[in-house]
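Novice: Input sequences plus hints: build the corresponding full structure.
2 protein chains.
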Amino acid sequence: MNIAILGFGTVGSGVYDIVANGDRRMRVTAIFIRPTHPATMPEMTTDFDAILADPTIDVVVEAIGGLHPAHDYILRALQHGKHVVTANKAVVARYLPEFTATAAQHDVRFYFEATTGGGIPWIRNLERAARIDQVDTIEGIFNGTSNYILDQMQRAHLDFDPVLLAAKDMGYAEADPSADIDGDDIVNKLKISAALAYDMVPPRDVPKFGIRHVSKADIDFFAKHDQVLRLIGKSKRIDDHYSMVVEPRLYPATALAANTFENFNIIRLHGQTIGDLQFYGQGAGKYPTANAIVQDLFDILENVAHLKRDFGQTLQFDPDLSVADYLLRADPMTFAMFSDKQTEIVDHRLLIKQIPVGEMHRLMRGVLAIDAHAFMAAIGDSELTARDVKQQIDQEVIG
Amino acid sequence: MNIAILGFGTVGSGVYDIVANGDRRMRVTAIFIRPTHPATMPEMTTDFDAILADPTIDVVVEAIGGLHPAHDYILRALQHGKHVVTANKAVVARYLPEFTATAAQHDVRFYFEATTGGGIPWIRNLERAARIDQVDTIEGIFNGTSNYILDQMQRAHLDFDPVLLAAKDMGYAEADPSADIDGDDIVNKLKISAALAYDMVPPRDVPKFGIRHVSKADIDFFAKHDQVLRLIGKSKRIDDHYSMVVEPRLYPATALAANTFENFNIIRLHGQTIGDLQFYGQGAGKYPTANAIVQDLFDILENVAHLKRDFGQTLQFDPDLSVADYLLRADPMTFAMFSDKQTEIVDHRLLIKQIPVGEMHRLMRGVLAIDAHAFMAAIGDSELTARDVKQQIDQEVIG
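Sequence lines, in order, name chains H and S. Numbering of the first sequence is given in the numbering used here, commencing with residue 1050 and proceeding in unit increments. Numbering of the second sequence is given in the numbering used here, commencing with residue 1050 and proceeding in unit increments.
Some hints could be false.
Put simply, identical chains are the same to the list, so a pair is met inside one copy or across any two.
[Stated by the list, open to error] Heads up, simulated SDA-like pairs for lysine to any residue below, C-alpha to C-alpha not over 20 angstroms straight-line:
no., residue 1, residue 2
1, 1357, 1071
2, 1217, 1059
3, 1357, 1073
4, 1402, 1085
5, 1273, 1302
Quick caveat, the hints were computed from the structure, so don't treat them as lab data.
Specialist: Right under this line is the structure:
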């Protein structure tokens, strides 16, 4: 099986290394680089059309990133009868139905394990779970950069800015870290996951709130109450309604998510017969991400069909399907916005009880208009904390 | 695809339910029951030979358990050209190479996801990881009954016997719980995992020590030191040597294993490119186990080949490959056995430092000859606690 890699950055070169040292049935025969990149290897070319026209190339690995020209390259590769494997979450979140339809039309595969969860075999296991169960919950730490920042803030007792700076120095955060800290990266991964789980086209806009405004004082306050802050994505389905949200959420110290440190990811699904499954691993990095791509290459080589989806289900997106408690740290004059809710003041913060998630995110926009540095975090309504509910039941049984 | 289920207990009936409510390409057309079982459904038969002779039956699901007659039934089904799926860890741990060879000879599949980790897709993901990486570590909580007991002892502050009694009442432990609390069940699952990971025939004898002797005082002592006790299986490979052990092990309170409660399982693998992957879920139970069997049925239906293994690698089994610290609670007269080791007395217990695992298990037999109620637990040498090692590195970098 002959492979062309588009882009020879961290991920592309990682794929090259694994294939070169791995199964002899696979070979990288072309590497597409920009004209500005030095052509240091005989496989390198700046001619994408030559790759398309080469009948010996079976698979194109897209490792360029971004929406354009990635969208065009992927489509054209599929139209030229080449299987495509990609790690590009932005382009897959936006164009998954189009890519899937085009691949089917040209009788080739379009696989994208590396888009979500890095090295964690999340996509494949979500697809397998969905063969049997209606997956009704997806929840997890989908982004390593933001997890690294929150974890370091708590453990090193530092504020957001110095930790972000250190994360950049270590290569854990990009020069422009917005996509990681504001939640857009998680939105893309959650869209891909929900599209597969529910077989539908995800909404363009998902309620999201990032960690840009979290302070050392916030983290200290949470720690005092044995709560650990994580930036998560969550989707829930009930019958033909579903919700999706990206937001900071508090977990009790004994939750697996609270014990997911550094830049690791953990992602959970729930289905009727399988119950809770959780997957933990490296959500990014050269070789874990390249490993996920090579897994897809193996599936193509071994003719392993992935889940068939046409994204044709008409489900109702309802941001208010889930209800949670929220802790709000903001100028107290904003608290009046929640006067029709059940609230409580805890250490100068407002605890808002059982508010629909979508409504809280809408109201938060009003809060931010008054206090641009306000921060909120959800509590409760999370099966990652199922232990605490179960604990009561067990104590009744055991005595 | 027509399916015969052998045995209609918890697991067999769970498979029946999922298939009946699932994909229409699968049908259960025969259920093999003992003559003593009332034949309440038209599919039920006591004639195994009729199932073998029926050319319309494609797959046999073995859900009887035990070594015999399961071994004979599986072999004969394969020889009659039927795919076989089983949840029977004892028979697979003993006869995996024979079953695999027989299946290959008759061009059928032999799949066994449900043997290990219950509903956790462990076998399939281990196989997939091994397509790319040399998996060098397997470690985990493979048994829900023992985990339930240890978790309840810690949380309800009870001694072993009352918790075991309650576990039996709730159906979490069998009338004879030996296989669960003495580690034999874990030995079987670890053998299956290591056989796949290293492509070799596992040793007949694996060092094991169970939790039969653990006391409330032990657990309280560990808790005082922020350590959580878990009964685990672990295998490690370095070049052409490997170790396997089943034993009680202490984890710091922030390890994922320490936060795996109730009867849940968590299993970890480590490979060169993928790093750490961990899989968490229900290690037993009717529908999770049946789900794992139906996953195998889907793979047969969709012609998904699993990892090819002939178990032909000649690796050296070395129980002393790994080194760990141990905490020993025993009659102090036994402590003299460790006089050539680096030791320390901690609260009337002996802390033995950096002793080879196999040697510790051999010496423990001598300890038990003097004090039949002695207990030991390993500490350290565990990547499930990698956080603590990393913590130091991070603090240097960040602050």
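Novice: Pop the pair residue 1357 and residue 1073 into one bin, within, between, both or neither, using alpha-carbon distances up to 20 angstroms.
Specialist: between (29 angstroms within a copy, 15 angstroms between copies)
Novice: Using 20 angstroms as the alpha-carbon threshold, which applies to residue 1273 and residue 1302: within, between, both, or neither?
Specialist: both (11 angstroms within a copy, 17 angstroms between copies)
Novice: For residue 1402 and residue 1085, with the copy left unspecified, which applies at a CA distance of at most 20 angstroms: within, between, both, or neither?
Specialist: neither (56 angstroms within a copy, 57 angstroms between copies)
Novice: What label fits residue 1357 with residue 1071 when the C-alpha limit is 20 angstroms: within, between, both, or neither?
Specialist: between (29 angstroms within a copy, 16 angstroms between copies)
Novice: When Cα atoms must be at most 20 angstroms apart, do residue 1217 and residue 1059 count as within-copy, between-copy, both, or neither?
Specialist: Within one copy, since 16 angstroms is at most 20 angstroms while 53 angstroms is not.
Comparing the model with each numbered hint stated earlier shows that hint 4 is the single one that does not hold.
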